[in-house]
Each structure stands twice: as structure tokens, then as C-alpha cells.
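Novice: Okay, here's what each chain looks like letter by letter:
Protein chains: 2
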Amino acid sequence: MDKNRYCVIMCGGVGSRFWPYSRTSMPKQFLDFFGTGRTLLQMSVDRISRIIPTENIIMITNAMYAGVIAAQLPQLRPEQILLEPARRNTAPCIAWVAYHIRAINPNAKIMVAPSDHLILKVDEYEKAVVKAFEFIEQRDCILTLGIKPCRPETGYGYIQVGERIDDDFMAVKTFTEKPNEELARVFLESGEFFWNSGMFFWSADCIINAMKAYAGDIAGVFEAGIDTFGTPAERDFIDKNFPSCRNVSIDFAVMEHAPNVFVECVDFGWSDLGTWGSLYENSNKNEDGNATGGCNALMFNSHNNIIAVKGDKLVVASGLNDYIVADVDDALLIVPKDEEQKIRIYVNEVKAKFGDKYL
Amino acid sequence: MDKNRYCVIMCGGVGSRFWPYSRTSMPKQFLDFFGTGRTLLQMSVDRISRIIPTENIIMITNAMYAGVIAAQLPQLRPEQILLEPARRNTAPCIAWVAYHIRAINPNAKIMVAPSDHLILKVDEYEKAVVKAFEFIEQRDCILTLGIKPCRPETGYGYIQVGERIDDDFMAVKTFTEKPNEELARVFLESGEFFWNSGMFFWSADCIINAMKAYAGDIAGVFEAGIDTFGTPAERDFIDKNFPSCRNVSIDFAVMEHAPNVFVECVDFGWSDLGTWGSLYENSNKNEDGNATGGCNALMFNSHNNIIAVKGDKLVVASGLNDYIVADVDDALLIVPKDEEQKIRIYVNEVKAKFGDKYL
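Sequence lines, in order, name chains A and B.
319 is the number that my numbering gives to position 319 of the first sequence; each next residue is one higher, with no gaps.
49 is the number that my numbering gives to position 49 of the second sequence; each next residue is one higher, with no gaps.
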């Protein structure tokens, strides 16, 4: 395997849209979501380990998850787990890890990936990742993976593609925010729009240069510590300076501004599992359309629900249609499926009323 | 207090209509339903202890509840707790306890009461009970308490009253089954119908004679053991013979046939707490009509629900109207309020599918 290739897995998200299953102390990437014996994070590392040398796989996460990551990924050395002292969204996270890796290997080519996605066709994924590395090794560019859409999803950002560069690689015309349903249908039918997967490829130099150009304030924070990266002084520098970074996503800070952004159009059975709805889409459903995920559930006159309870708890429901019912030890959520985007708001209300107790 | 007065509290019900709060192993009479620190059974005994000598208060229940009753009622001696070896509804239960008490005190006057009702006006209740005893001490008769109805309840049986005998005491014209809503409205408006409370008064001789006349098969079972009652041989006799009794209610076996049945019309803030709906009626509701019973509940766009969860579990619900949500450790029930009469059916389905595990 190529020693210059690195994979950064971002695993600091809090996953509030999956509350109460996903908790601040144990977000969804650390859960065995499908009961297969491996967590989403472990599956992410399993997948990429077939392509990237284990010692080049870097976790970046919030300091509070150091313990769970070490426990779930015993194959990683402690220095492969970068701990953010504060949550600042993806741009500062990606900037730090680029400076960190470049200090270790100035020729590093980096894949950045989320830790909590589902990928069903692993062979297709593997081929696409290899081709992505080859693409950025030949060009000084930013590459993102665009997923071929299969439904008019309103919960994702889309990328409109332009000129074909080579094979599945296209120039990016525009990044779009989450569309309404009508627009999402137009996107789907046009064939020009792909889902923004949040998986990126670039050289360390390329992303650092882009940061300097389009997010100079963030790059400036890390430039001030340029001598510390890859040394024992890095930890202290990060603890003191990382929190001063602006809270902003890599899409908003860099991707939407840089001219050298390309997209590899892929189709490997991807779901961001960002919502109960996407879990529902990916779950087995019984003849009444209820996805009970192997729970003990007796449903009377009830259709198209998602039922998620732990262990062998029994659910008896009647006259319930199109709801999410999610139960854990100390919290129970019952909301209509079409309100899944509001779960974050409800969780904020929980925080406002009860503090961190149920988060 | 009059040493000839006895109170029998029937506390063997399984309370399946309150599943999953009420479990076979811990039915509702043994629960601190309102979080006051006393269970419904303890409140029943507290109430009657102001009128009846403690040593004359008799529990009759299923053998499986011996432990919980002894724990909840330490003031009772073991011989005050009669344990049925099998469930046979109220007629065999009442027959046994009548034979038992008559053997101890041939002049016994007996009140029979459920263990799981709510009574809000205890002073009124106390006066009514004393007057009831006085009434049956002057007449060889069966007396039942009829509750003045306050709504067209379709979940109760009704008693139509006839001639006024004395004060609040009336002759019984008919017993009726549970009416439909239209009929219940007619009953309510007529002023002639009272709810059948399941509280009875009679002398031991009177009820035994009525049993002989109208439920000879049941009386026959106990007549065969006439010499054993009140002796150490009673236990063995009951274990061997009680299970052979017909499974039938006292209303159906005796009350609807006997000519000397009277009703005392009372109004002491009574609820049989037989259903979630009756609990809802008796609970505090917030401005959205949700009865959360002090649970931690955040309700969005949700109205007129009953939410019952244990401890400090949090419920977050949205878009939910007119439902019962009842959660305990290993079971969760979500059904429309107007289906509460079906909960028994659902519990039977649970039993069919999972055996006794969740009962």
C-alpha cells in the first residue's frame, strides 16, 4: 500500500438527530447500528484498512471520545487519535489534520471521510477511493465524492456537475444547499446533480493553500504553530489555539470558493444515516411497512413506522402511522417521520429544560 | 367498633387493562398509582380501618400475591389473608370468605370491597359505609353501593333503582350490562341509574343462603367442607376443592337473581380506575389536556394524551393526540385513548406470542 496515502476519519459528531439513541456521550458512530457486531466507526476503519496502511489512518474527534475510540479501535496507536479541545465544525478540524500530517509527511495525499455513513457495495467503494487518490496524485486539486441520487432527498446538499474531465470525474459547477422537494425532483431528473457525500481527497499542500486563500483566519491560527506539528509541543499549542478558530464547515469555508474542485461521481450504496428516515430507507420493513429492526413489536392497525427499542423490550402499538418511536433507558421519543428534521430542535428544548442530563 | 362487622377486600385481580404498568406479578392494586407513598390496596385498608376493627379486615387474593400483601400490610396477621389456589372470579371468592367468616363469627355482617378503587371524599364514604351496615343489620338483604353517575360512562355496569326504602336506600329494579354511549346518556339524564360499584354488604348467612338458592353448584363445593372452615383443615380443603368452582362473577351468579337486593345511592368521589381513561379523568391535565402525572415530558403539538413513564425517564413527543403512552422497563404501550377497552385483547396477543414474559 502507498505510504503517502492517508485517511482521516472525522468522528467527533454528536448526532443529535438520532436522539435518544445517539447521545452526547455515545453518538451514533460509536453504536452497533445494525446489530452486526461492528459499530459504524469500526466499519469505516475496516473498509479503509483494505486500501490505506493502518498507521496512516487518523481519527480526529472531540477529546471526550478518546476512551471509546481507543476501546473500539485497539489497532491504532494513541498518536493516531487527534483530540479537538472544542467543537468547531469541519474546517478547523480539517486544517489541523492537514498541518499535522504534512509535518509528518510533506508528500501526503489525504482522504477525509465521516465515520457514521453506511456503504453497502464495499468493492465499488474501494475502486472509487483508489481512483480518487490516483486523480489527485496527478492534479493539484480538491476532489469530492458525489453520490448518484436515487430519490428526491431534501435532507442533503447537492453538487451540480459541469464538464467531464475523465471517466467518472467531472468539474463542479455549483454546490447547493438542501433543496425543497420540488427542486429536489428537478435535480434528480436532470442527471446533473449528485449528493454531497462529505468525502474529500487532496494533498496536504493543496488543502492548506486553499485554506490560506479562502479561510485565512483559520489558516492563520495554525500557521502560528507551524513548528509544533508532529512534535510534543503540538498538543499544548492545539489546546491553547484551536478553540479560537471560527466555527465553520469545510464546504462553506473552502469548497464553495475554490476554483480547482472536482467531483468523482460514484454509486456504491451510500447512506449518510443522518436521519431516522434514511435509516428507515435502509431497513427491512414488514408487510405493513413497519421497520422494527428485530425489536419485539406487536403492531395493530399501524403502518410505516420506525420502531427502535433496546434489547428485548416489547412495544405494543395501535393506530400509529408514519411515526418514529425510539426508546432507550431514560428517554422515549415519539415523533412523526416527517418531523425528523425537527428532532434537533426538540433536543435543544430538552437541553434548555433539563441541561445535559438526557443528552 | 362493632366486633360483628367485617370487611373483605378482594385483591386478586390481574389488572390487564393497565398493562404494562399493571403486571401479573404486580397488578395495579399493589402500585402507588398517584405517587402518594401509599398503594391502592394500602389506601383501601387505611380507609376501612377507621370503621372496622383491624382484626376483622380480611384479604382474599391469589396465592401468588401472599408476599406482596404481607409486605404492604404488616398490621394484618397471616390468617387474615385468604389465598385462592386458582382464579375463579368473584362468586367463588365471596362464597369461600362467607363460609370462612361465618365459621369464626355466626353473627358476622360483611362488607366486600375491591382493592383498587379511588375514593376522594373519605368522610362521605365513611358515613355511607356505616349507614350500609346499619341497613343490613336491620334487614335480611343484599345491599350494593350505587354511585351517582357524573358522565355517560360506557365502561361500567348500571343499576336501575325503583322504590325508595329509606333515605338513600332504594330497591333495585334491574342490573344492566355496559351500555353504548347513546344509552349511557339516557341513563345519565333519567336520574334512575347508578354505577355498579362492586361494593356489597350482607350478613354471612344471607349471602350463603343466596348462593344456595342461585348458585347451588358453588355453594355445594363449600358445603362439602363445612366442618373445615376456621380450622387447620380449611387450607387443604380449599386447595383441593376451590379450583372445581365455576368461574363466574357475583353479579351474574347471585345479584341479578336475588329478590332482596337493595342499593344505597352514594356520591363520594369514586372511580374504579379500571381504565387509563378513568385515570385520565382523575388526573391533573396541563393546558394542552395532557396528563403527564409528573413525568418529565416535553410535548409539541400534542393534546389530550396520557403519558405514564417511570422514575425520571424523559418523554419527547410531537404530533400525538388522544393517545395513551405507558412505559415500564421492558414494555412500551402506545394506543389511542378510545381503544383502551382493547388493551386486554392486545395483552392476550402478547401472551399468545411471548408467553408470560411480559405479563
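Check each hint, because a few of them may be wrong.
Capping the alpha-carbon separation at 30 Å, the derived lysine-lysine pairs in DSBU-like fashion look like this [unchecked claim]:
hint : chain 1 : residue 1 : chain 2 : residue 2
1    : B       : Lys178    : B       : Lys212
2    : A       : Lys357    : B       : Lys351
3    : A       : Lys313    : B       : Lys212
One-sided excerpt, in silico: chain B residues whose CB lies under 8 Å from chain A [unchecked claim]:
hint : residue
4    : Phe252
5    : Asn296
6    : Ala317
7    : Asp327
8    : Lys337
9    : Tyr358
10   : Leu359
Derived by calculation from the structure, the hints in this document are not laboratory data.
The C-beta atom is built at its ideal place from N, Cα and C for all residues, glycine as well.
Novice: Run the structure past the numbered hints and jot down the numbers of the failing ones, going up.
Specialist: 2, 3, 4, 8, 10
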